[in-house]
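Visitor: With chain A held as given, fit chain B onto it using these hints.
Residue numbers (our numbering), protein chains in the order written: chain A, 6 to 119; chain B, 349 to 459.
Don't read these hints as lab results, they were simulated from the structure.
There may be inaccurate statements among the hints.
Label pairs and their calculated CB-CB ranges [stated by the list, open to error]:
| no. | chain 1 | residue 1 | chain 2 | residue 2 | range |
| --- | --- | --- | --- | --- | --- |
| 1 | B | 400 | A | 61 | 31 to 41 Å |
| 2 | A | 107 | B | 456 | 22 to 32 Å |
| 3 | A | 22 | B | 374 | 36 to 46 Å |
| 4 | B | 409 | A | 22 | 28 to 38 Å |
| 5 | A | 117 | B | 387 | 33 to 43 Å |
| 6 | A | 58 | B | 364 | 41 to 51 Å |
| 7 | A | 115 | B | 408 | 23 to 33 Å |
Over 10 Å on every C-beta distance to chain B, these chain A residues come out as not near it, computed from the model [to be verified]:
| no. | residue |
| --- | --- |
| 8 | 57 |
| 9 | 63 |
| 10 | 67 |
| 11 | 73 |
| 12 | 83 |
C-beta: ideal position from N, C-alpha, C; glycine also.
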Amino acid sequence: NAGVMQNPRHLVRRRGQEARLRCSPMKGHSHVYWYRQLPEEGLKFMVYLQKENIIDESGMPKERFSAEFPKEGPSILRIQQVVRGDSAAYFCASSLSGANYEQYFGPGTRLTVT
Amino acid sequence: GESVGLHLPTLSVQEGDNSIINCAYSNSASDYFIWYKQESGKGPQFIIDIRSNMDKRQGQRVTVLLNKTVKHLSLQIAATQPGDSAVYFCADKNTGNQFYFGTGTSLTVIP
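Same shape as in the complex, but just chain B:
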């Protein structure tokens, strides 16, 4: 079955440093991936997405890398700020309609 997991449940970084959040997925048929940020008491907020025909995509201060060979996805946040503190989820989708979410990584930015 589907399995989307994260390597580390928590991550602490110094303000200004870069953050890297990792995610593994199990279904080689997954073709679309999204990273979400969820702050306490709020709904998930779309950060960036990537399709399986790409291996890298950049946004504002964020970069997503996709390695289909090892079924690994990462989110890089440049110059991490206190406002980046949240739980980050990766989600993947195959040819069906469902997105499968990982359990999340809690990012804490230390001022």
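In isolation and in its complexed conformation, chain A is listed as follows:
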């Protein structure tokens, strides 16, 4: 009865490196959402994916950020050429049947850019 899993839990990258964050949804869930949370702030929507499809990426920066949810394997949030402002907690959530149902969150990946 595993919940949403994210790895790594902590990730340190130097400026200019790539960060790759992984999310495995709850069993049976095919809808995945990525959020970013800055310290003492609420979560900001980034992107909503179903298997092999990006449904809504309106919250994701147009440059350096990309996301995928392949047919097999976890969803990946990729940040290229990281900058200090990318330091944040990135949370993944999954739901059973789309945005009109409750989302269950993973423990997050805390990205630190040095």
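Guide: Same frame as chain A, but now just chain B:
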């Protein structure tokens, strides 16, 4: 644009008392609302949800009230326990795919 805010950033209550956490939203088209609890270093945990065709929903020790007239949402926690200490977020969604989260209220339970 969307705006989901909380009236108080912090709330302290005595153990055993009831807690009320408030939330205001700005989009009258919002039709689905969720309360989350987030403990330090962890991801948000689903508490309770409510749809716009309801004005009250109860769970175990928690009640959510929705007032669409004034676009206000509240979370009531009965007999607050030390384990309830956390940051509480409300989130709302309109006809799109995005949930909009407030900045959170930090609840501290005093033993």
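Visitor: For every hint, state whether the structure bears it out.
Guide: Evaluated hints:
1. Remark: the range hint 31 to 41 Å for residue 400/B to residue 61/A is contradicted by a beta-carbon distance near 21 Å.
2. Checked against the given bound of 22 to 32 Å, the beta carbons of residue 107/A and residue 456/B, roughly 26 Å apart, stay inside it.
3. Against the hinted window of 36 to 46 Å, the Cβ-Cβ separation of residue 22/A and residue 374/B comes to about 39 Å, which satisfies the hint.
4. For residue 409/B and residue 22/A, the hinted distance range of 28 to 38 Å is not satisfied, since their beta carbons lie about 45 Å from each other.
5. Judged by the Cβ atoms, the range 33 to 43 Å given for residue 117/A and residue 387/B is violated: they are separated by roughly 20 Å.
6. In this structure the hint that residue 58/A and residue 364/B lie 41 to 51 Å apart at CB holds, the actual value being about 49 Å.
7. In this structure, residue 115/A and residue 408/B meet the distance hint of 23 to 33 Å, their C-beta atoms being roughly 31 Å apart.
8. Distance check for residue 57/A against chain B: the nearest CB is about 17 Å away, which clears 10 Å, and the non-interface claim stands.
9. Some Cβ of chain B comes within 10 Å of the Cβ of residue 63/A; the nearest lies about 7 Å off, and the non-interface call is violated.
10. With a least CB separation of 17 Å from chain B, residue 67/A remains clear of the 10 Å interface cut-off, as annotated.
11. The claim that residue 73/A lies off the interface holds: its Cβ sits roughly 17 Å from the closest Cβ of chain B, which is beyond the 10 Å cut-off.
12. With a closest Cβ-Cβ approach of about 20 Å to chain B, residue 83/A is found to remain outside the 10 Å limit, as its non-interface label requires.
Checked against the numbered hints listed earlier, the structure breaks hints 1, 4, 5 and 9; every other hint is satisfied.
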